[in-house]
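Visitor: Single-letter residue listing:
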Amino acid sequence: MRLAAIATAAGAFSGLFGVGGGTIIVPLLVLWLGYGHREATGTSLAAIAVIGALAAAAHALYGNVDLWNGLLIAAPAIAGVLAGTALQQRISERAVAAAFVVLLLASAAVLVL
Amino acid sequence: MDLVGLLALGFAAGMAGGLLGVGGGVLFVPALVVFAHESQLEAVATSLVAITLVAAVGAWRQAGYGNLRVRDGVLIGVVSPLGVLAGVVLANAVPERALELSFAAVQLGFAWQLAGNAGLR
Numbered sequence: 000m001r002l003a004a005i006a007t008a009a010g011a012f013s014g015l016f017g018v019g020g021g022t023i024i025v026p027l028l029v030l031w032l033g034y035g036h037r038e039a040t041g042t043s044l045a046a047i048a049v050i051g052a053l054a055a056a057a058h059a060l061y062g063n064v065d066l067w068n069g070l071l072i073a074a075p076a077i078a079g080v081l082a083g084t085a086l087q088q089r090i091s092e093r094a095v096a097a098a099f100v101v102l103l104l105a106s107a108a109v110l111v112l
Numbered sequence: 000m001d002l003v004g005l006l007a008l009g010f011a012a013g014m015a016g017g018l019l020g021v022g023g024g025v026l027f028v029p030a031l032v033v034f035a036h037e038s039q040l041e042a043v044a045t046s047l048v049a050i051t052l053v054a055a056v057g058a059w060r061q062a063g064y065g066n067l068r069v070r071d072g073v074l075i076g077v078v079s080p081l082g083v084l085a086g087v088v089l090a091n092a093v094p095e096r097a098l099e100l101s102f103a104a105v106q107l108g109f110a111w112q113l114a115g116n117a118g119l120r
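So the protein lines, in turn, are chains A and B.
Going left to right, the first sequence walks through residues 0 to 112 as numbering that gives the first Met the number 0 numbers them.
Going left to right, the second sequence walks through residues 0 to 120 as numbering that gives the first Met the number 0 numbers them.
Since the hints were derived computationally from the structure, they do not count as laboratory data.
Bear in mind the structure is a predicted one, so any value in this text is a computation, not a measurement.
Keep in mind that a hint or two might mislead.
A short, non-exhaustive set of chain A residues, derived as facing chain B with CB atoms under 8 Å [unchecked claim]:
#1 L2
#2 S43
#3 G51
Just a few of them, taken from the derived set where beta-carbon distance is under 7 Å, the chain A residues facing chain B [as the list claims (entries may be wrong)]:
#4 A4
#5 G14
#6 I50
#7 R93
#8 A107
Backbone N, C-alpha and C define an ideal beta-carbon position, used for all residues, glycine too.
Model the full assembly from the supplied sequences, consistent with the hints where possible.
Guide: Structure, rendered in structure tokens:
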């Protein structure tokens with residue numbers, strides 16, 4: 000039930016603001032389901048992979064996806080995510096939590112400004 | 000096209016994704032608008048290709064590190080389109096500024112609670 004609520008909230012914010020639900024999924028997994036921060040970010044990525052694939056397919060039907068540009072920017076991003084996940088294993092859960100709090104504050108500031 | 004800008008922001012987006020469990024759309028979309036001259040709509044659509052690949056690779060690595068609950072993650076992913084519908088209905092019913100301010104308030108609330116949860120305050 001709580002997973003379904005998290006899914007609905009994440010989807011709603013994606014529909015509203017056009018960006019993925021990571022900033023919703025990670026906090027709710029931690030606060031509602033008692034996930035550790037590393038587990039929450041890993042599980043959030045799995046959810047985003049599914050959400051992203053569904054949304055990309057829908058946009059592709061309307062012909063708005065530039066596959067070449069998508070792959071071009073994905074190449075360095077894949078290198079980045081390998082580095083990011085490796086780095087995350089070497090810092091404390093507390094540091095991951097602190098970085099996430101900074102992300103939330105920055106995101107809220109961008110929305111207000 | 001500014002290839003260097005595209006590659007640099009792409010790497011940063013992937014890094015943020017791996018570290019924080021987000022898709023990186025916040026960086027991919029402006030990068031595609033500014034450096035690949037896509038429209039906002041095209042950039043959102045194109046960014047989803049990169050987001051999907053980054054999230055899939057990140058989830059696979061996190062599974063290797065023992066940080067993935069596959070069942071929960073897939074369930075959230077599969078159910079979320081219902082929320083997208085709700086979001087689209089809401090976006091057409093409520094003024095945009097009110098939505099932005101409420102989402103910002105939700106994020107500040109999460110920041111406060113997570114900071115408490117991790118003993119940061």
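Visitor: Next step is simple, just say for each hint if it's right about the structure.
Guide: Outcome of the hint check:
The beta carbon of A/L2 comes within 5 Å of a beta carbon in chain B, closer than 8 Å, and the hint placing it at the interface holds. The beta carbon of A/S43 comes within 4 Å of a beta carbon in chain B, closer than 8 Å, and the hint placing it at the interface holds. With a cut of 8 Å, the hint placing A/G51 at the interface with chain B holds, because the nearest CB-to-CB distance is about 4 Å. Below 7 Å, beta-carbon pairs count as interface contacts, and A/A4 has none with chain B, the closest being about 9 Å; its hint is therefore violated.
Evaluation of the A/G14 hint against chain B yields a held restraint, the C-beta minimum of about 3 Å falling below 7 Å. A least Cβ separation of about 5 Å between A/I50 and chain B falls short of the 7 Å threshold, and the interface hint therefore holds. Interface hint status for A/R93: upheld, as the beta-carbon distance to the closest one in chain B is roughly 5 Å, under 7 Å. Using the Cβ-Cβ criterion of 7 Å, the hint placing A/A107 at the interface with chain B is satisfied: the shortest such distance is roughly 4 Å.
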